[in-house]
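Colleague: The residues making up each chain are set out below.
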Amino acid sequence: MLRAAPGQQHAQATKRSWNVVVFSVGGMKLAARTEDVGGVSPWTESIPVPSRTPFVQAMLKRDNHLMPVYDLAERLSRKLIGSPLLCLVARHLDGPMAICIDADVPSLETVDATAIRLNGRGDIETLGSVTIGEIDVAIVALQRLGRSKQEAVRSSKY
Amino acid sequence: MSLRGRHNSTNMLVETASFLVIRLGGTYMALPADGIRGVLTQAEAGNEQAVTAAGNVYQPVDLAQRLSVAADLSGLEMRIVLYSNGRSYGAIRVEQMVGLVDVERKDCLPLPPQFQRDERNWFGGMMLYQDRLVLILNPSWALGESSGIVAVSVGQAEQMVAATPAAAGGSC
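These protein sequence lines map, in sequence, to chains A and E.
For the first sequence, the numbering used here gives the first residue as 1, with consecutive numbering after it.
For the second sequence, the numbering used here gives the first residue as 1, with consecutive numbering after it.
Incorrect hints may have been included.
Unchecked claim - Here are a few chain A residues that sit away from chain E, every Cβ distance over 10 Å (derived from the structure):
#	residue
1	Ser17
2	Gly26
3	Ser51
4	Glu74
5	Arg91
6	Val105
7	Val111
8	Gly122
Unchecked claim - For each label pair, taking beta carbons as the anchor points, the in silico distance ranges come out as:
#	chain 1	residue 1	chain 2	residue 2	range
9	E	Glu44	A	Pro48	25 to 33 Å
10	A	Pro42	E	Ser146	53 to 61 Å
11	A	Pro48	E	Ala50	48 to 56 Å
Stated by the list, open to error - Which residues of chain E face chain A? A few of them, derived with a C-beta cut under 8 Å, are:
#	residue
12	Gly26
13	Thr27
14	Ser68
15	Val69
16	Leu73
17	Leu76
18	Glu77
19	Phe115
20	Arg117
21	Glu119
22	Trp122
23	Leu128
24	Leu135
25	Asn138
26	Pro139
27	Ser140
Simulated from the structure, these hints should not be mistaken for laboratory data.
Cβ atoms here follow ideal geometry from the backbone N, Cα and C, with glycine treated the same way.
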């Protein structure tokens with residue numbers, strides 16, 4: 001559904017610019033590298049799974065495929081906005097993972113690599129942030145989403 | 001509602017595993033069928049929590065409470081599954097018995113590695129049954145034999161997934 005144009009892919013390869021998908025969670029603008037996004041589609045009802053992993057407590061069934069749901073809105077303490085909500089598939093290192101996002105249709109943006117600030121946020125794994133339309137937007141590291149949280153929880157427990 | 005019958009795979013050459021599919025609240029789970037020793041209604045089980053049958057005492061197992069699942073165990077479809085692995089004996093109260101099913105082993109899937117905590121000990125895998133997600137219970141855990149929970153690291157979880165053929169099915 002969201003694919004970079006050939007020209008954009010070339011730019012990505014040279015790393016002079018990044019192609020990102022800009023989406024929103026509870027009104028908060030976020031971005032992700034296009035190569036970390038497996039697609040965007042309408043959200044369908046998730047299936048709760050008994051779990052103690054923070055923010056991973058459901059699965060989504062699409063056709064005959066199942067994928068875990070990462071509750072990014074809960075992690076950011078946001079309430080999702082709009083209807084119908086959308087599903088962003090993250091290409092996580094552990095396998096595809098569904099994230100429910102606002103109804104606002106994501107947009108594709110090309111950002112200059114030099115404009116990316118490598119400042120981390122404490123509340124979420126990011127690759128940095130960038131200003132898009134005068135808004136400071138965090139680039140979410142979808143590939144490792146939840147990993148630092150897991151480690152933090154584990155460290156505090158043991 | 002009564003047991004809805006056995007759903008068999010027709011290919012005799014295919015390796016299958018048998019499960020009893022049960023429901024607690026909105027969560028469907030499966031118990032390996034070879035541990036089933038009996039199924040009772042509340043009236044048949046009596047008022048005692050533990051159930052004695054064929055000389056064995058089946059201790060009460062409250063799966064709903066252990067899994068933090070909201071379940072209504074007061075309905076007419078509630079059943080008590082007498083279950084044993086030969087070492088431990090449990091009387092598992094379920095909201096509904098859904099059916100017996102034979103599943104091709106390739107259709108048993110591992111829990112995705114994103115699930116990283118206690119649930120890896122609770123469930124041996126998952127499968128689709130009548131288009132529903134069914135979580136395959138770990139009998140030892142269900143019977144209270146392995147309540148010491150593994151909190152695996154990300155790396156360990158990856159190794160567990162890589163080490164099992166379940167990544168492509170076969171998790172039962």
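Colleague: All hints, please: hold or fail.
Modeller: Now for the hints, and whether the structure bears them out:
1. The Cβ of Ser17/A lies farther than 10 Å from every Cβ of chain E, with a closest approach of about 31 Å, so its non-interface assignment holds.
2. Against the 10 Å criterion, Gly26/A stays outside the reach of chain E, whose nearest CB is about 22 Å from its own CB.
3. Against chain E, the non-interface label of Ser51/A is violated: not every CB pair exceeds 10 Å, the least being about 4 Å.
4. Distance check for Glu74/A against chain E: the nearest CB is about 15 Å away, which clears 10 Å, and the non-interface claim stands.
5. Its beta-carbon lying about 13 Å from the closest one in chain E, Arg91/A satisfies the requirement of being farther than 10 Å from that chain.
6. Val105/A, annotated as away from the interface, keeps every beta carbon of chain E farther than 10 Å; the closest lies near 26 Å.
7. Listed as outside the interface, Val111/A is consistent with that label: its C-beta sits roughly 28 Å from the nearest C-beta of chain E, beyond the 10 Å cut-off.
8. The Cβ of Gly122/A lies farther than 10 Å from every Cβ of chain E, with a closest approach of about 19 Å, so its non-interface assignment holds.
9. In this structure the hint that Glu44/E and Pro48/A lie 25 to 33 Å apart at CB holds, the actual value being about 31 Å.
10. With their beta carbons about 40 Å apart, Pro42/A and Ser146/E fall outside the hinted range of 53 to 61 Å.
11. The given range of 48 to 56 Å is broken by Pro48/A and Ala50/E, whose C-beta atoms sit roughly 30 Å from each other.
12. With a cut of 8 Å, the hint placing Gly26/E at the interface with chain A holds, because the nearest CB-to-CB distance is about 6 Å.
13. Taken as an interface hint, Thr27/E checks out: its beta carbon lies about 6 Å from the nearest beta carbon of chain A, inside 8 Å.
14. The interface hint given for Ser68/E holds, since its Cβ lies 6 Å from the closest Cβ of chain A, which is under the 8 Å cut-off.
15. The beta carbon of Val69/E comes within 6 Å of a beta carbon in chain A, closer than 8 Å, and the hint placing it at the interface holds.
16. Given the 8 Å rule on beta carbons, the hint for Leu73/E is violated: about 16 Å separates it from the nearest Cβ of chain A.
17. With a least beta-carbon distance of about 24 Å to chain A, the hint placing Leu76/E at the interface is violated under the 8 Å criterion.
18. Hint status for Glu77/E relative to chain A: violated, with the closest Cβ pair at about 20 Å, above 8 Å.
19. Residue-level restraint check for Phe115/E holds (minimum Cβ-Cβ distance to chain A is 5 Å; threshold 8 Å).
20. Hint status for Arg117/E: holds, given a least beta-carbon distance of 4 Å to chain A, under 8 Å.
21. Residue-level restraint check for Glu119/E holds (minimum Cβ-Cβ distance to chain A is 4 Å; threshold 8 Å).
22. Because the beta carbon of Trp122/E sits about 7 Å from the nearest beta carbon in chain A, less than 8 Å, this interface hint is met.
23. Residue-level restraint check for Leu128/E holds (minimum Cβ-Cβ distance to chain A is 7 Å; threshold 8 Å).
24. With 8 Å as the threshold, the beta carbon of Leu135/E comes within range of chain A, its nearest partner Cβ sitting at about 7 Å, so the hint holds.
25. The beta carbon of Asn138/E comes no nearer than 12 Å to any beta carbon in chain A, farther than 8 Å, and the hint placing it at the interface is violated.
26. Residue-level restraint check for Pro139/E is violated (minimum Cβ-Cβ distance to chain A is 16 Å; threshold 8 Å).
27. For Ser140/E, the interface hint is violated, the least distance from its beta-carbon to any beta-carbon of chain A being 17 Å, above 8 Å.
The structure fails hints 3, 10, 11, 16, 17, 18, 25, 26, 27 (numbered hints given earlier, in ascending order).
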